[in-house]
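Protein chains: 4
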Amino acid sequence: MVDVAVLGATGYTGMELIRLLHGHPEVRLSFLSSESSAGLSLAQVHPQFLKLVEQVLQPLEVEAIPETVKLVFCALPHGSSAKVVPALLSRSLRVVDLSADFRLKDASLYDRWYNRSCPAPELLPEAVYGLPELYAGPIAAARLVANPGCFPTSVLLALAPLARAGLVDWETVIIDSKTGVSGAGRSPKQEFHFPECTENFKAYRVARHQHTPEMEQELSRLAGEQVRVTFTPHLAPMSRGILSTIYLKLKPRERRSLEELYALYREFYRSCPFIRLLPEQQLPETRRVRCSNYCDLSLRLDERTGRIIVLSAIDNLTKGASGQAIQNMNIMLGFPETMGLNFSSGL
Amino acid sequence: MVDVAVLGATGYTGMELIRLLHGHPEVRLSFLSSESSAGLSLAQVHPQFLKLVEQVLQPLEVEAIPETVKLVFCALPHGSSAKVVPALLSRSLRVVDLSADFRLKDASLYDRWYNRSCPAPELLPEAVYGLPELYAGPIAAARLVANPGCFPTSVLLALAPLARAGLVDWETVIIDSKTGVSGAGRSPKQEFHFPECTENFKAYRVARHQHTPEMEQELSRLAGEQVRVTFTPHLAPMSRGILSTIYLKLKPRERRSLEELYALYREFYRSCPFIRLLPEQQLPETRRVRCSNYCDLSLRLDERTGRIIVLSAIDNLTKGASGQAIQNMNIMLGFPETMGLNFSSGL
Amino acid sequence: MVDVAVLGATGYTGMELIRLLHGHPEVRLSFLSSESSAGLSLAQVHPQFLKLVEQVLQPLEVEAIPETVKLVFCALPHGSSAKVVPALLSRSLRVVDLSADFRLKDASLYDRWYNRSCPAPELLPEAVYGLPELYAGPIAAARLVANPGCFPTSVLLALAPLARAGLVDWETVIIDSKTGVSGAGRSPKQEFHFPECTENFKAYRVARHQHTPEMEQELSRLAGEQVRVTFTPHLAPMSRGILSTIYLKLKPRERRSLEELYALYREFYRSCPFIRLLPEQQLPETRRVRCSNYCDLSLRLDERTGRIIVLSAIDNLTKGASGQAIQNMNIMLGFPETMGLNFSSGL
Amino acid sequence: MVDVAVLGATGYTGMELIRLLHGHPEVRLSFLSSESSAGLSLAQVHPQFLKLVEQVLQPLEVEAIPETVKLVFCALPHGSSAKVVPALLSRSLRVVDLSADFRLKDASLYDRWYNRSCPAPELLPEAVYGLPELYAGPIAAARLVANPGCFPTSVLLALAPLARAGLVDWETVIIDSKTGVSGAGRSPKQEFHFPECTENFKAYRVARHQHTPEMEQELSRLAGEQVRVTFTPHLAPMSRGILSTIYLKLKPRERRSLEELYALYREFYRSCPFIRLLPEQQLPETRRVRCSNYCDLSLRLDERTGRIIVLSAIDNLTKGASGQAIQNMNIMLGFPETMGLNFSSGL
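Chains as they are written, first to last, in our numbering: chain V, 42 to 388; chain C, 42 to 388; chain E, 42 to 388; chain S, 42 to 388.
Okay, chain V solo, but in the shape it has when bound:
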């Protein structure tokens, strides 16, 4: 058994980490912090954990983390994470960070898209981008893993095979994503008030969402060329799930049949346990991955316009955040990649 800590235990990604870690056979939750609820038990804040996880929440003090802890999950708000991570690393703790603080290699992009100064630029070179389907090797050896954003996860998994094969005409790429409301976090706000959210569908931050540079950084790396995409997120009246619909054309002289595309994806994800390339007649649906760590993928060819359409579905809190963080932990600690994560969504 390995001892781990969760910082920011009462937010949605913290809750989901604890739900999943509780079922992990090789891990012991030995420290949970919460700024807002320190002194209460987790079950007092979130009664679904009664009889399961009743530990008392601690104030966020790095020294208070027990000596036995080997790995820390930071589920803190953007900006707060970078304040605590250096102290964690200096205590020789390994860190999976779920914030955006270490995802962008170019600090100036952080400044621009997050409207604040990048809080710990000196750690950016070391941080490993934690998408296990692409970077399992570096993740295994990493001290600091930057867990990807929810939208980038859904998009990168959908595009990686085509990107790495050098097939995409990047001028043509459009990403239209739809997310459930839990992606906005746990703090109540007017636009997430139930009566204003149910029976409603809308776009937001059109062409200016902060996950855009993260997608572009990773797509550029895969493609070996500078990539720009148009990205539009939408809010759907559901709690969990992201569906991304991605439109693109192949490079001028490239042509692929739908069968060839499926074969390319099948080969690329051959050894990736959480990628499910659906049978050709099926399309992804968010409920099929709800509360699970799978990413479901389909491809379509619009023969009339020569366009390829890639569709992906994930749960934003699981594969899009906490499930992926545990997948990273499994790799870092030498556990089987699927340990504690091999279950299906319910109805």
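Source of the hints: derived by calculation from the structure; they are not laboratory data. Computed from a predicted model, the values in this text were never measured in an experiment. Heads up, a few of these hints could be off.
Copies of the same chain look alike in the list, so a pair counts if it works inside one copy or between any two.
[What the hints assert, rightly or not] Below 20 Å or equal to it, Euclidean Cα-Cα: the simulated SDA-like pairs (lysine to any residue) are:
| no. | residue 1 | residue 2 |
| --- | --- | --- |
| 1 | Lys92 | Gln322 |
| 2 | Lys230 | His250 |
| 3 | Lys124 | Gln99 |
| 4 | Lys92 | Arg294 |
| 5 | Lys290 | Glu300 |
| 6 | Lys92 | Asn383 |
| 7 | Lys111 | Val169 |
| 8 | Lys292 | Gly207 |
| 9 | Lys290 | Asn156 |
| 10 | Lys92 | Cys313 |
| 11 | Lys124 | His65 |
| 12 | Lys111 | Trp211 |
| 13 | Lys290 | Val94 |
| 14 | Lys92 | Glu308 |
| 15 | Lys290 | Arg348 |
| 16 | Lys290 | Ser158 |
| 17 | Lys124 | Leu81 |
| 18 | Lys92 | Pro377 |
| 19 | Lys290 | Thr346 |
| 20 | Lys92 | Arg307 |
| 21 | Lys111 | Arg184 |
| 22 | Lys146 | Ala182 |
| 23 | Lys290 | Glu212 |
| 24 | Lys111 | Asp44 |
| 25 | Lys292 | Glu67 |
| 26 | Lys290 | Arg345 |
Since the structure of chain V is provided, determine the placement of chains C, E and S on it from the hints.
Structure of chains C, E and S alone, referenced to chain V:
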């Protein structure tokens, strides 16, 4: 007072016609037909009409329509409509048809996209495409109005100003639409069973939805050139509403600022009472148009990729079907265009 | 045309008042106040009113209400209403107040159940309880109408015929009500945050909800005896609607068949246009009254236990608040009771 | 590892059994039957099982069940189950049956409440009612366990401590339950069509639901006297969950403080791992038990009327069906009661 008839009164578009016509100050509902529920009162089938519309539903027999009726709304399934419309016209009745049977001018497109033979090709030349913002003149004089599909309504209103100005590079146009479940009609099916629909988001009929040729026909007519688009519909876990997110680039040498684009739209829709070009800082939300006849529009410029994004929101059963049908009736009968339709959505 | 004012125009009951008053043929909205959004137009705050109601919101100053105004709707929070109503009355304005400030005749009940001191006890004798099905006469003559709470409306309409007939064994009465989330108002709170509300059902304030004494006051008045009830409200994952399920036994020697009970209700509500006693085989559903002013009622007899079950459905914002307020206005101003309110719910 | 079979694998309770059994460390799914989908793999019918459970579904033939199988879950429709269970027992298979066919000890009650003849009355004496919190001993030894209905589970767990203590005045008991739509099963029907279910709340089968005699049978057994209750089920716009609100008075001379009641419950459920008596200031919410096997309980005292209110929340498909069936299996096979079931709901 003008007498009207509704054929197919118990389906969702029929219900919505009756809800709206009941509040219309110059119209009397004098004949309601229903194949499945003939002999029952409308309120027995749909108790929300108790004390409001309690007429008995009639079998669908053209001869039974009272002499006083001037205009008939056909809210019948595709294929059934074309069987009854010729008899209506030969009785000198004017018709607003809500099916797809008369929308496509090229019968071979109907054959291909609807997987059956176009049922009344001889009437296609006469039928007027009932989008009042574009064709008020012909609608006023028409015997037979083909009421547009819900997705085409949301798309054509979003693109018409750019299309008619000849600005669009049609190779680049992608239409990503999201609809509520009432668009699928009233018959229960596995995929619309509540537990399989709630907390779920998915695409369907990707690049092969039957509304595609309808959009292309009308966009081609507006643009004066042959147009092809990529269109993907999605199903959102809500009852009513369509949000369309449309991506495009202008023709190679065209450039417009966002202000110029807003000005173009403002001018184009100057005298259109149901088009609401939102203030620049706002974006359409389906709940703002729920149960109302408005179409809300916004424009965005993705300066990094040179792409324009047009967003539109309508209620699929109102502006996308029955409200628009009544708007057409108002024009045909010389009533003010907004009569019976000038109300807002509720919360 | 009569000029009216709405104080508190941007909350949910204010919004609903404006939606309905905009469609009223004899009323002109001539003053809208909002503390939080003064200076903005209503449509800036609630874009569904674009092109419909674009007036500028005013600060809440009684002197600023135009001379032409005859009647004021107070849609202010509990406590705030009582601060402004005396000034309105002294300007000879007639008032329909939607808060709880004037509903209870016994000020000490207000103190106890609302946890604060009754703000204007001197006006309680004059205030008329605005349930038009029971008190149309006094309402017609009233200066100050206290519009009933949403739960009491659903309960009193369900029980009034039995109560006035003196048939009820009040010891046995249990009221189990279920409401949509809009009943909680427009301010975002943790428990009404979309992800914590959707796919959730719960009871709240069990046996201590502040609408209890209001129900008891009016039931006691109807029954001519002191009445106590057990009342439990529940929160359902929907925006609008209240369903109340009410259990009771008749007095020891009373016995009525289901037919006799239906006959009693039919007679009692003979001239009440918004009460729909459903056909015996049907049961109320909240969607049948959504956004409408109807109250749907059914009765059932549990022959095995000798219990009567009365079920009622209303829309909490319409018949449970703003629609009823307009019904009161119609009576006060001599308009037909249904004017501006005779429409059905949509799908 | 023990081999088990699931008959009726594609319905909602079958799906939930497989979801849970897949995560059970001591069980192997070795036979799955489906009449409607035999020959397909489970993952073709329910893609959420891709990469997890891809077995081929078999026709329902008892002889085809492998010799190694020790225990069979029957998740067949009422009536179908009784046709196959005798053959299973004669093959010495132990059975947990999720239908209603073996729950009622008095066959005439089945006839009356299910409107058909009890299909296997000869097995009723042997069948053990599978509520583990009450009957763990007989369950451990049973050949045939009749898994309780979802509503009875939520009600019996709420009332058992009071019933067995002989405290309840049964004349006063009223049960008002609210369920999610998955309780109605997987077959699409008009009333469960998404647009007619969302934003809707209603009662159904008032005072005549077929779970009533099951509750009464078990309450009578607990109380040692003949018990009659009034039971009203309601349909809430959510997929999963049951909340039961139960009203009662104690016997004339009995009086208990709220603290005494909590103590009684705490003692009664001392060794029951899935019963969570909530802290006094909390109330059950269905989302806290969603997809989990817990039953959350609270008590309230309405001091003004002398009534006790018991509230319980379960997931209808887990503790109300398939989770409880596995809990029974654990007891029958000598596994720890919580094996494979000790996880919390997600957000």
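Status of each hint after checking the structure:
1. Lys92 with Gln322: between (43 Å within a copy, 17 Å between copies)
2. Lys230 with His250: within (18 Å within a copy, 26 Å between copies)
3. Lys124 with Gln99: Answer is within; shortest intra-copy Cα gap is 17 Å, inter-copy 45 Å.
4. Lys92 with Arg294: Answer is neither; intra-copy 61 Å and inter-copy 36 Å both fail.
5. Lys290 with Glu300: Classified as within: same-chain Cα gap 16 Å, cross-chain 30 Å, threshold 20 Å.
6. Lys92 with Asn383: Between copies only: 9 Å across, 23 Å inside.
7. Lys111 with Val169: within (18 Å within a copy, 49 Å between copies)
8. Lys292 with Gly207: Intra 8 Å, inter 27 Å, cutoff 20 Å: intra-copy only.
9. Lys290 with Asn156: neither (33 Å within a copy, 28 Å between copies)
10. Lys92 with Cys313: between (34 Å within a copy, 11 Å between copies)
11. Lys124 with His65: This pair counts as neither: shortest intra-copy Cα distance 29 Å, inter-copy 41 Å.
12. Lys111 with Trp211: neither (41 Å within a copy, 56 Å between copies)
13. Lys290 with Val94: neither (49 Å within a copy, 35 Å between copies)
14. Lys92 with Glu308: between (44 Å within a copy, 16 Å between copies)
15. Lys290 with Arg348: So Lys290 and Arg348 pass the 20 Å test inside a copy (5 Å) and across (16 Å) alike.
16. Lys290 with Ser158: So Lys290 and Ser158 fail the 20 Å test inside a copy (36 Å) and across (33 Å) alike.
17. Lys124 with Leu81: neither (24 Å within a copy, 40 Å between copies)
18. Lys92 with Pro377: The answer is between: 16 Å across copies meets 20 Å, while 28 Å in one copy does not.
19. Lys290 with Thr346: both (9 Å within a copy, 15 Å between copies)
20. Lys92 with Arg307: Between copies only: 14 Å across chains, 42 Å inside a chain, cut-off 20 Å.
21. Lys111 with Arg184: Classified as within; 11 Å inside a copy, 48 Å across copies.
22. Lys146 with Ala182: within (18 Å within a copy, 63 Å between copies)
23. Lys290 with Glu212: both (9 Å within a copy, 11 Å between copies)
24. Lys111 with Asp44: within (6 Å within a copy, 38 Å between copies)
25. Lys292 with Glu67: Neither. Shortest intra-copy (46 Å) and inter-copy (52 Å) distances fail the 20 Å Cα cut-off.
26. Lys290 with Arg345: Both: 12 Å inside a copy, 19 Å across copies.
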